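With the hints as extra help, turn the sequences into a complete structure.
Single-letter residue listing:
There are 2 protein chains.
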Amino acid sequence: MKEKIEDIKQGTVTSPQGFLAGAVEAAIKYKGRLDLGLLYSEAPALSAAVFTRSKIKAAPIILSMKNNEKGRARAVVVNSGCANACTGDRGLRDAAEMSALAAKKLGIRADQVMVASTGVIGNVMPMDRIQKGIGKIELLKDGGHKLARAIMTTDTRPKEIAVRVMEQNGHYTIGGIAKGAGMIHPDMATLLSFLTTDARINREFLAKALKAAVEDSFNMLTIDGDTSTNDMVSIMANGQADNDLITAENGRMFREALRSICRYLACCIAADGEGATRLIEVCIESAKSKSQARKVARLIAASALVKSAVHGNDPNWGRVVAVLGRSGADMDEKVLDVYLQGEQVMRAGSPLPFEKNKLSRRMKADQVTIRVCLNIGAGSAVAWGCDLSQEYVTINSDYTT
Amino acid sequence: MKEKIEDIKQGTVTSPQGFLAGAVEAAIKYKGRLDLGLLYSEAPALSAAVFTRSKIKAAPIILSMKNNEKGRARAVVVNSGCANACTGDRGLRDAAEMSALAAKKLGIRADQVMVASTGVIGNVMPMDRIQKGIGKIELLKDGGHKLARAIMTTDTRPKEIAVRVMEQNGHYTIGGIAKGAGMIHPDMATLLSFLTTDARINREFLAKALKAAVEDSFNMLTIDGDTSTNDMVSIMANGQADNDLITAENGRMFREALRSICRYLACCIAADGEGATRLIEVCIESAKSKSQARKVARLIAASALVKSAVHGNDPNWGRVVAVLGRSGADMDEKVLDVYLQGEQVMRAGSPLPFEKNKLSRRMKADQVTIRVCLNIGAGSAVAWGCDLSQEYVTINSDYTT
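Those protein sequence lines, which keep their order, are chains A and B. The first sequence runs 37 to 437 under this note's numbering. The second sequence runs 37 to 437 under this note's numbering.
Please keep in mind that the hints were generated in silico from the structure rather than gathered at the bench. Keep in mind the model is a prediction, meaning the values are calculated, not measured. Do not rely on the hints blindly, as some may be mistaken.
Which copy is meant is left open, because identical chains are indistinguishable; a pair holds if it fits in one copy or across any two.
[Claimed, not checked] Calculated cross-link-like contacts (lysine to any residue; reagent style SDA-like; alpha-carbon spacing at most 25 Å):
1) Lys244 / Arg288
2) Lys394 / Thr430
3) Lys91 / Val371
4) Lys67 / Pro389
5) Lys168 / Ala139
6) Lys45 / Gln276
7) Lys370 / Asp125
8) Lys331 / Phe87
9) Lys324 / Leu281
10) Lys91 / Ser327
11) Lys45 / Leu175
12) Lys331 / Asp366
Encoded structure:
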């Protein structure tokens, strides 16, 4: 049998069998936009999730971490417009009430509901509107599209995908939605992603596969290693497909498909960064170790100077090297190679001549790729970011007022 | 006797006795601007310096580190417009030739000349123009002002100061000049500072005092802990004053004066960051340790979101807390206090109500102060940065082309 992973046209988080979703306008912060939604598995499901590493965690994160421990969540309730972060005990009670309200509506246990919020830090949740809103949500088979819109904040477009995996173990579907992230994950730019699959799968393997996929995708989004108080990525697997049980032993294709979904959503987030006009991909090769490669890749993708240069189509590769130098990674300047948009600009530590205007024109693309070969080891990594535009500053200099 | 430190009106790096300086237009990158200069002590001098921690060091840094080992430098030759970084063996030869040309002009040994460069990375030094330029430099008693201009790159104004110290040990003068630093130290925003004093001082103490002063000033300039390939701060002490020899035992006033000079120059650099419209001061108090306080202070001052909010007079303190959370520093959210421009906005981890418009108006000042009390220890630190403006992006998106 030929193994393949196929994109589903207009695929979304409700593409896998047995998942429903819906969203409403609850006027949490602004009127006239979807800002409250539910994702639900009709059958009991296994679940896994990863959360922000920030020491200051929003109330819904604290609750969801607890609910995640059992690995049996089958619903997510999520809102935008209010992060419910830095809100003390009241915030914890509000998050618990959100899960209880959703659970009651769905007829499941409250500890099977994950709660996620994104928006301004320090505001308390308008629970009256949340309660009314949850009551009004209509769960639909194609509700993923609405849910993808409801979690948007400064995102300019929804981010959703689903793939059909056809492999030795059988056929199954994985879907997902996500929201950004400005250039940097800020208060209003929490990274949220909700993934679903109808695959039959071992629970520990599901958790491991999610963690690995997130490491190579969302965690490689630029952004000075930034992380918000509310970041969360979760997956539910309801076993409605008829594939053979997927485990660590036979899970290669699942791992690959999940990673490709997460990478796709991560690239969507980067390309839709606040004020962004293009995606930046930073490939680090032959570093001393994978962890060093990861660190360097993220630092370069996060550099305001590199981002500004890309915005202006300026092939100013010295800025890449400057970040490299301060990264703390092991390196030998004498063997460094640097490529910009496929053109080598530095070889063995010395600058190569290139036509500045020509390369500048080639940088006027939707994606700009920066590649650095350190030539001292076997560590490699890819990170994604976006350019830094005047528009970014405009968006972020007048947000709460 | 009353001890005091007095500002000298129009003070500069040549205010201390026995120092001369000069600068010329050498057309290294642009015509019609000062870009090559010399600083010289007529008498033999002790010296100390600190350098970039980047693993990729420009040729002049490599040379100056060597010349600094003996602690006997009595001249600095410096240019703007070309960083002489990533220029391989040729760069090292060019830096050595710069020191030799300056030494010949001054009649001193080449290893007593420190070399500093700032400008675009990856370009080789136009040595013919350097040679002609050095020949034309006229050394003057008030030449510090010209030198302060010659080291400017994207700086909009020169940064210079001198103070007269009157203390138990006698009277002496310390002077200094510096250049920025955009928001982030980039290729064209190397941090350079040259300090002079006529004090009689012990050499080891001079080196220690410089290091300590730099730690609490230039090293607390924002900017994601960024450092360029060319950063350098040096001091020369020629002992022409008649004070009693300053040592670790009696050096309190010298240490204080040197630190205040470095802090003044650091604040000038921050306030003159690329596109900056105001200075941001971040005070961290009662952290677990001084090193944690330093780290948090710098991260907050470097956050693009905090900087954007300050630019827009947006009292969005949640962004400060978000940085805090991801900083890795020890903290207990339940005892956190946060102040913005003197107004408390968070107490014991919970938001305090405040008049948004009123606080926003108070943020329209030359300086915005952010204060965080972690209330878990005795570590404190202050960091400086500047707001992030649309103009920053404009400056940095079109630099080499």
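Cross-check of the supplied hints:
1. For the homomeric pair Lys244 and Arg288, the shortest alpha-carbon distance inside one copy (12 Å) is at most 25 Å, but the shortest distance between copies (57 Å) is not.
2. Taking the closest pair of Cα atoms, Lys394 and Thr430 come within 25 Å of each other only across two copies (21 Å); inside a single copy the shortest separation is 31 Å, beyond that limit.
3. Taking the shortest alpha-carbon separations for Lys91 and Val371, only the inter-copy value of 13 Å comes in at or below 25 Å, while the best intra-copy value is 39 Å.
4. In the homo-oligomer, the alpha carbons of Lys67 and Pro389 lie at most 25 Å apart only across protomers (24 Å), although the nearest pairing inside one protomer, at 55 Å, exceeds that limit.
5. In this assembly of identical chains, the alpha carbons of Lys168 and Ala139 lie at most 25 Å apart only when taken from the same copy (14 Å versus 81 Å across copies).
6. With identical chains, the CA atoms of Lys45 and Gln276 are at most 25 Å apart within one copy only, with a shortest distance of 21 Å there and 81 Å across copies.
7. Taking the shortest alpha-carbon separations for Lys370 and Asp125, only the inter-copy value of 10 Å comes in at or below 25 Å, while the best intra-copy value is 56 Å.
8. For the homomeric pair Lys331 and Phe87, the shortest alpha-carbon distances inside one copy (20 Å) and between copies (23 Å) are both at most 25 Å.
9. For the identical chains of this complex, Lys324 and Leu281 are neighbours neither inside a copy (38 Å) nor across copies (49 Å), given an alpha-carbon limit of 25 Å.
10. When the C-alpha separation of Lys91 and Ser327 is checked against a cutoff of 25 Å, the pair qualifies both within a copy, at 22 Å, and between copies, at 18 Å.
11. Taking the closest pair of Cα atoms, Lys45 and Leu175 come within 25 Å of each other only inside a single copy of the chain (21 Å); across copies the shortest separation is 74 Å, beyond that limit.
12. In this assembly of identical chains, Lys331 and Asp366 lie within 25 Å of each other by CA distance both inside one copy and across copies; the values are 11 Å within and 22 Å between.
In this structure, the one hint that does not hold is number 9.
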